[in-house]
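Participant: Chains as they are written, first to last, in the working numbering: chain A, 1 to 257; chain B, 1 to 305.
If you're looking for bench data, these hints aren't it; they were derived computationally from the structure.
In this text, all values refer to a predicted model and were calculated from it rather than measured experimentally.
Please note that a few of the clues may not be correct.
[Claimed, not checked] Listed below are the simulated SDA-like cross-link pairs for lysine to any residue, each with C-alpha atoms no more than 25 Å apart in a straight line:
no. : chain 1 : residue 1 : chain 2 : residue 2
1   : B       : K292      : A       : V255
2   : A       : K16       : B       : D276
3   : A       : K18       : A       : D30
4   : B       : K131      : A       : P21
5   : B       : K275      : A       : M13
6   : B       : K264      : A       : S254
7   : A       : K2        : B       : E170
8   : B       : K245      : A       : G163
9   : B       : K275      : A       : A238
10  : B       : K199      : A       : V255
11  : B       : K264      : A       : K2
12  : B       : K292      : A       : A238
13  : B       : K263      : A       : V233
14  : A       : K50       : B       : V169
15  : B       : K263      : A       : L256
[Said to hold, decoys possible] To list a few chain B residues with every Cβ distance to chain A over 10 Å, as calculated:
no. : residue
16  : S55
17  : N56
18  : P79
19  : Q105
20  : Q129
21  : V158
22  : K160
23  : V182
24  : S185
25  : E207
26  : G280
We put the CB at the ideal spot given by N, CA and C, even for glycine.
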Amino acid sequence: MKILVCIKQVPDMESKFKVNPEGTWYDNVDLAWRMNEYDEYAVEQAVQLKGQVGDADLTVFSIGPNRVKETMKKALAMGCDHGVHVADDDSYQKDPFQIASIIAGFAKDKGFDLIFTGMQSQDRGSAQVGVLVAELLNLPCISTIVDFAYLDGKVSVKRELEGGGRALVSCNAPVLVTCQLGLNVPRYPTLPNIMKAKKKEILSIEVAELLNVTARQETSKLYFPEKKGGGLVLEGDAGDLADQLIKILRDKTSVLA
Amino acid sequence: MKVLLVAEYREGKLLGSTYELVAFAEKINARTAMFLVGTESVLPQYDGTLYLADSNKVGEFNPTLHKQLLLDVIAREQPQMVVFSHSSYGWDLAPRISLALGAAQISEVVDVVDGVPVVPVCNAKLRRQIKSNTDLTVVTLQAGAFGLSNDPVGTPTVEKISTDVVSQVEFSGYEAAEAGGVDLSKATVIVSAGRGIAKPENLAIIEGLAHALGGEYGASRPVVDSDWAEHSRQVGTTGQTVSPKLYVACGISGAIQHLAGMKKSEFVVAINTDKDAPIGEVADVLVVNDLKTFVPILTEKLNSL
Chain A
1 MKILVCIKQV PDMESKFKVN PEGTWYDNVD LAWRMNEYDE YAVEQAVQLK GQVGDADLTV
61 FSIGPNRVKE TMKKALAMGC DHGVHVADDD SYQKDPFQIA SIIAGFAKDK GFDLIFTGMQ
121 SQDRGSAQVG VLVAELLNLP CISTIVDFAY LDGKVSVKRE LEGGGRALVS CNAPVLVTCQ
181 LGLNVPRYPT LPNIMKAKKK EILSIEVAEL LNVTARQETS KLYFPEKKGG GLVLEGDAGD
241 LADQLIKILR DKTSVLA
Chain B
1 MKVLLVAEYR EGKLLGSTYE LVAFAEKINA RTAMFLVGTE SVLPQYDGTL YLADSNKVGE
61 FNPTLHKQLL LDVIAREQPQ MVVFSHSSYG WDLAPRISLA LGAAQISEVV DVVDGVPVVP
121 VCNAKLRRQI KSNTDLTVVT LQAGAFGLSN DPVGTPTVEK ISTDVVSQVE FSGYEAAEAG
181 GVDLSKATVI VSAGRGIAKP ENLAIIEGLA HALGGEYGAS RPVVDSDWAE HSRQVGTTGQ
241 TVSPKLYVAC GISGAIQHLA GMKKSEFVVA INTDKDAPIG EVADVLVVND LKTFVPILTE
301 KLNSL
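One chain only, chain A, in its complex shape (with noise of 0.2 Å):
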């Protein structure tokens, strides 16, 4: 069995964040950098997936600058055989047809059974990668799964509905998969496995080699909201806090009566 799982790094989102020069992006300056938390469920899933079948090759693929390595790098160590990267420093720049295109431009002669990607980005959060990526390739899609189950060939989910449903859904692979948060409990590597993943490969590609389309969308402004105003910062000492929070929710509110 072949399977992909197709990762991003983002900043962590509790970062400060700066909008940069051009007014069109953040500033991707002074930012901790971790993998995209929907793309963990997603690995986690395609490891899993791999130890149940046992004969599995599972490649993991990454678009960006070479920073993007080392969250690959966490993936090998997750349990990952080798790696794809395709080198794109301006990959921020991309809309998300040009990224679909390019894993879809990379996966096509491949013969991939199963596809794993996170729903969306925390970062951009379009939720169209991966449904895109399907239909480049001609594959059924079932996006926004939170229960994975593969027998014989045919894959068996639930998707994730408003309001704390599910759709139960079923395919034959190959198909392409979207993970939702909380589909499984994603692993920490372990420090053999840090290890052992330094040995193992990472492909670069470059670009060009894949990406043929132009953008169809771009940002024309990036800016912070307007803060809503009437709400109260209150900052100091835990202890004085504590007495002003006191105060005001005897005279704001009755839940003191």
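Add chain B to chain A, keeping to what the hints say.
Facilitator: Structure of chain B alone, referenced to chain A:
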């Protein structure tokens, strides 16, 4: 401008988000037609052409068939924009349509400024205006971002549609949300734990404050996904929608899915180390402090009142 609105229907019910699509069209002064896979017994209150496929034949969830039906309607109507909800239905179907028609897709639109759609970036910490480079544009709308000022009225002109395309996937029904557990919707005070509690043992701190305030404790999605709290305590889009007198968000950044579940609370206190966390946008009071330090002190003071 002419737009096609893709309404949503599940388990025999028209979803309320359908009227958010109408509100969006009104905001941009567009003429509309509507698409729905549903049944004739449950029609939207809408004056206009409704292209209706029978969900009993097509299935409520079936991307292959819904895509083909929608492409047929788009060919007839020739809209400049196709509008979905940014929901499990919309974000699944929209990319299939945008790719088939070579259209730009702009996801999770929260506003339109000077005709340009605005979307959130980085967990809603930033906003982005996006320009489409294609004649047809597909958009998905964030839940709750657009609303009608009046109750919807009208009767659609129904145009029945069907398809004989073969499905790629098999949809076999629904599994209901987990029942039982705590009914947070009845609590007058809710103290919720977010990722900021850092480890499951710290949930006791949140429970302690909830107890001191005579309320229940809730949780955000990451806490439930980590199995630190049961699902019935989850507040948000896929959990419970609550409107207590007091909501205390501890270490919760404020993802839109969480805000959707608690923004009707009468009074909101947020406790967060990050002054810029989006939860600050809905909080009446933001206490910038580490919940692990602050909450035990607050609880002790409340208990000795």
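Participant: A separate judgement is required for each hint: does it hold in the structure or not?
Facilitator: Hint-by-hint comparison with the structure:
{"no.": "1", "hint": "B:K292 x A:V255", "in the structure": "holds, 23 Å"}
{"no.": "2", "hint": "A:K16 x B:D276", "in the structure": "holds, 8 Å"}
{"no.": "3", "hint": "A:K18 x A:D30", "in the structure": "holds, 10 Å"}
{"no.": "4", "hint": "B:K131 x A:P21", "in the structure": "holds, 19 Å"}
{"no.": "5", "hint": "B:K275 x A:M13", "in the structure": "holds, 13 Å"}
{"no.": "6", "hint": "B:K264 x A:S254", "in the structure": "holds, 17 Å"}
{"no.": "7", "hint": "A:K2 x B:E170", "in the structure": "holds, 23 Å"}
{"no.": "8", "hint": "B:K245 x A:G163", "in the structure": "holds, 22 Å"}
{"no.": "9", "hint": "B:K275 x A:A238", "in the structure": "holds, 15 Å"}
{"no.": "10", "hint": "B:K199 x A:V255", "in the structure": "violated, 29 Å"}
{"no.": "11", "hint": "B:K264 x A:K2", "in the structure": "violated, 48 Å"}
{"no.": "12", "hint": "B:K292 x A:A238", "in the structure": "holds, 10 Å"}
{"no.": "13", "hint": "B:K263 x A:V233", "in the structure": "holds, 18 Å"}
{"no.": "14", "hint": "A:K50 x B:V169", "in the structure": "holds, 23 Å"}
{"no.": "15", "hint": "B:K263 x A:L256", "in the structure": "holds, 21 Å"}
{"no.": "16", "hint": "S55", "in the structure": "holds, 13 Å"}
{"no.": "17", "hint": "N56", "in the structure": "holds, 16 Å"}
{"no.": "18", "hint": "P79", "in the structure": "holds, 17 Å"}
{"no.": "19", "hint": "Q105", "in the structure": "violated, 6 Å"}
{"no.": "20", "hint": "Q129", "in the structure": "violated, 4 Å"}
{"no.": "21", "hint": "V158", "in the structure": "holds, 26 Å"}
{"no.": "22", "hint": "K160", "in the structure": "holds, 25 Å"}
{"no.": "23", "hint": "V182", "in the structure": "holds, 14 Å"}
{"no.": "24", "hint": "S185", "in the structure": "holds, 13 Å"}
{"no.": "25", "hint": "E207", "in the structure": "holds, 17 Å"}
{"no.": "26", "hint": "G280", "in the structure": "violated, 6 Å"}
Hint check: violations occur at hints 10, 11, 19, 20 and 26; the rest are consistent with the structure.
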